[in-house]
Amino acid sequence: MEPLLNISSFDDKLSFEFRGEFNLYTISSYEKQVLNVDFKFVKKVEVNLYKSKLFDTAAALFIEDLKKKMTSKGIKVDILCSNKDTLGTLKLVQNQNPHLLPIPKIEKQSFVYSVGKSAYSNYLGFISFMAFMGKLFATKMIYLKKLKNIRYKEIAFEINESAVRALGIVALTSFLIGLVVAYQSAFQLKIYGANIFIVDMLGISIFRELAPLITAIVIAGRSGSAFAAQIGAMKITQELDAMKTMGFDPYVFLVLPRIIALMIAMPILIFVSDMMGIIGGMVVSNISLHISVNMFLDRFGEVVAAKHFFVGIVKGPFFAFLIASIGIYRGMMVKDDTQSIGFNTTKSVVESIFAVIVCDAVFSIAFTNLGI
Amino acid sequence: MMNPFIEVDGVKTIFGERVVHDGLNLTINEGEIYGLLGPSGCGKTTLLREMVMLQEFSGGIIKVLGHDLNTIKHNEAQKLRQEWGVLFQAGALFSSLTLAQNIELPLKEYTNLSKKMIDEIVAFKINLVGLKSSDAILYPSQISGGMKKKAGLARALAMDPKLVFLDEPTSGLDPISARDFDDLILNLRELLGLTIIMVSHDLQSIYDTLDRVAIIDEKKIAYEGTLDNISSVKSKFIQTFFGDKFE
Numbered sequence: 001m002e003p004l005l006n007i008s009s010f011d012d013k014l015s016f017e018f019r020g021e022f023n024l025y026t027i028s029s030y031e032k033q034v035l036n037v038d039f040k041f042v043k044k045v046e047v048n049l050y051k052s053k054l055f056d057t058a059a060a061l062f063i064e065d066l067k068k069k070m071t072s073k074g075i076k077v078d079i080l081c082s083n084k085d086t087l088g089t090l091k092l093v094q095n096q097n098p099h100l101l102p103i104p105k106i107e108k109q110s111f112v113y114s115v116g117k118s119a120y121s122n123y124l125g126f127i128s129f130m131a132f133m134g135k136l137f138a139t140k141m142i143y144l145k146k147l148k149n150i151r152y153k154e155i156a157f158e159i160n161e162s163a164v165r166a167l168g169i170v171a172l173t174s175f176l177i178g179l180v181v182a183y184q185s186a187f188q189l190k191i192y193g194a195n196i197f198i199v200d201m202l203g204i205s206i207f208r209e210l211a212p213l214i215t216a217i218v219i220a221g222r223s224g225s226a227f228a229a230q231i232g233a234m235k236i237t238q239e240l241d242a243m244k245t246m247g248f249d250p251y252v253f254l255v256l257p258r259i260i261a262l263m264i265a266m267p268i269l270i271f272v273s274d275m276m277g278i279i280g281g282m283v284v285s286n287i288s289l290h291i292s293v294n295m296f297l298d299r300f301g302e303v304v305a306a307k308h309f310f311v312g313i314v315k316g317p318f319f320a321f322l323i324a325s326i327g328i329y330r331g332m333m334v335k336d337d338t339q340s341i342g343f344n345t346t347k348s349v350v351e352s353i354f355a356v357i358v359c360d361a362v363f364s365i366a367f368t369n370l371g372i
Numbered sequence: 001m002m003n004p005f006i007e008v009d010g011v012k013t014i015f016g017e018r019v020v021h022d023g024l025n026l027t028i029n030e031g032e033i034y035g036l037l038g039p040s041g042c043g044k045t046t047l048l049r050e051m052v053m054l055q056e057f058s059g060g061i062i063k064v065l066g067h068d069l070n071t072i073k074h075n076e077a078q079k080l081r082q083e084w085g086v087l088f089q090a091g092a093l094f095s096s097l098t099l100a101q102n103i104e105l106p107l108k109e110y111t112n113l114s115k116k117m118i119d120e121i122v123a124f125k126i127n128l129v130g131l132k133s134s135d136a137i138l139y140p141s142q143i144s145g146g147m148k149k150k151a152g153l154a155r156a157l158a159m160d161p162k163l164v165f166l167d168e169p170t171s172g173l174d175p176i177s178a179r180d181f182d183d184l185i186l187n188l189r190e191l192l193g194l195t196i197i198m199v200s201h202d203l204q205s206i207y208d209t210l211d212r213v214a215i216i217d218e219k220k221i222a223y224e225g226t227l228d229n230i231s232s233v234k235s236k237f238i239q240t241f242f243g244d245k246f247e
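Respectively, the protein sequence lines represent chains B and E. Under this note's numbering, the first residue of the first sequence is numbered 1, with each subsequent residue one higher. Under this note's numbering, the first residue of the second sequence is numbered 1, with each subsequent residue one higher.
Honestly, the hints are just simulated from the structure, not real lab data. Please note: incorrect hints may appear among the correct ones.
[Stated by the list, open to error] Across the chosen pairs, the derived CB separations fall in these ranges: (1) 51/B x 16/E: 53 to 61 angstroms; (2) 3/E x 133/B: 37 to 45 angstroms; (3) 187/E x 169/B: 52 to 60 angstroms; (4) 33/B x 145/E: 41 to 49 angstroms; (5) 145/E x 279/B: 52 to 60 angstroms; (6) 233/B x 65/E: 27 to 35 angstroms; (7) 354/B x 65/E: 21 to 29 angstroms.
Computed from a predicted structure; not experimentally measured. Think of the CB as a built atom: it goes at the ideal place given N, C-alpha and C, for glycine as much as any other residue.
Taking the hints into account, I'd like the entire structure generated from these sequences.
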């Protein structure tokens, strides 16, 4: 049966007869009809529910609201109903209603308030990162006092996990970068007939800047994010807590091995990256500038000093420290909800790449001023 | 028997502006199975975490096995950690290790036992908690929630601790496994003379296993003692939680 509202009036008495289904799905059609009624001369309202079906709590709330509205206008309301379930539902809503408090609205924050709040939380974030660094340093001091405290097995495992397995991707990326850089500059150098200078350019740019940066970026994306996610997941499953109660300091078991492993492995990765980048450049030089491999290597030995190579390698442990410690710090910041693993993993990558580039800039300035 | 293992004196816990505990006092004696009860959010688990040095408290004193946790030195704390075992709600087994590796980890780290001896101890502990030896080579992701709890208990017992902390040991288990777990806990107490502190919501488990309880309500200890005369306490939580049993 279609929902239907019969409205009939008799003197100062108004009668609503609800027919058919009266629930969540039909209330709105009833509501429109009730809103159109003029209550001006009405003294008494009769709500007839004899013929309504499938009465639910929403309908009961609707009736209750109607009743309240009428009572505030001084109109008396009678509810006519014989169905036990319906009466029970009405009763339930009536009993509950006086205790109901409206759900408080979340207050809109002013611009100044939210700026201040985020500034303060950034400040707290910085403080907590400093606390992490301090803890790291203290742990290092306590545990590296004796050689037997160093966890060689974990370090070896992490070197394999986060560096050896990354060799392929680092090599490929560097090879392609060498190729691209050489190809772009080959075109320009040809115009001036300065073909042979491609060796100087490639040697210095790859050794000093490109190889360390590319390696750091690949490792931040690959291993730094893995650190954050692994440690974050361990935190959620309370594995970190379990370690602490068993007296296994997570800084010793998880943090230091990862940092040390990456610091050892990074220079090696940069070395691989150097080689692959130069090989990439060599291929392009051979094809588009017709510089033979022998010629390339002869020139290379003449113009690219060893210091350029060492400048690149020296950056490795610093970048590694930044990537590993930011990744692990982000992992430790994970809270007990599923979103925060994703959030912190993303942050770890963004922050560590940023930190690496800032660190690289500092090195650039320092080396230039030192005349290296 | 009346040797206090844990003394909590006037402990306050404040998170930001929210006061969780406002002066808790309780004593846990040797050989007891002691329950921390209370409505959700009253800070039972927080208190447990404070006892095992996972969380700092804002005021008061907690003494565990005679050590004051406020002033404990690094080395003493490390030693103390070997004298207790903790079972977390979901087991918190190390997911990269098999059950056997999980259990042997503390033995490997802290003792000079031979590999053979360690294997024997692991097999014994696994059988003690009612798991099969063949389960030992499984990873935590391959076993059920009930088995994880048993394995977690086996790991907690690996070093033969005097003191065992259990955080909701029967939550998330089906009623039959839960009763089995209760029996297991009672048995272990008999066999190993453990002192057990647990947080629980499971009424049946509370009646079956606990010797004494502390009920935290309204930031304070509403009641501490045996379950026999709990009905005399005027607390809304106690009346609703234990209400059915009075009648």
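* Is it true that residue 187/E and residue 169/B lie within 52 to 60 angstroms of each other by Cβ? -> holds, 54 angstroms
Is the gap between the beta carbons of residue 51/B and residue 16/E within 53 to 61 angstroms? holds, 57 angstroms
### Range agreement (Cβ of residue 65/E with Cβ of residue 233/B, hint 27 to 35 angstroms)
Holds, at about 33 angstroms.
> If you check the beta carbons of residue 354/B and residue 65/E, does the distance land in 21 to 29 angstroms?
Replying inline: At roughly 47 angstroms between Cβ atoms, residue 65/E and residue 354/B fall outside 21 to 29 angstroms, so the hint is violated.
Practice prompt. Just tell me: holds or violated, for the beta carbon distance of residue 3/E and residue 133/B against 37 to 45 angstroms?
Written response: holds, 43 angstroms
Look at the Cβ atoms of residue 33/B and residue 145/E and judge whether their distance stays inside 41 to 49 angstroms. Roughly 54 angstroms apart at Cβ, these two residues miss the hinted range, so it is violated.
*Do the Cβ positions of residue 145/E and residue 279/B conform to the proposed distance bound of 52 to 60 angstroms?*
The hint (52 to 60 angstroms, Cβ to Cβ) holds, given that residue 145/E and residue 279/B are roughly 54 angstroms apart.
In this structure, the earlier hints numbered 4 and 7 are contradicted, and the remaining ones agree with it.
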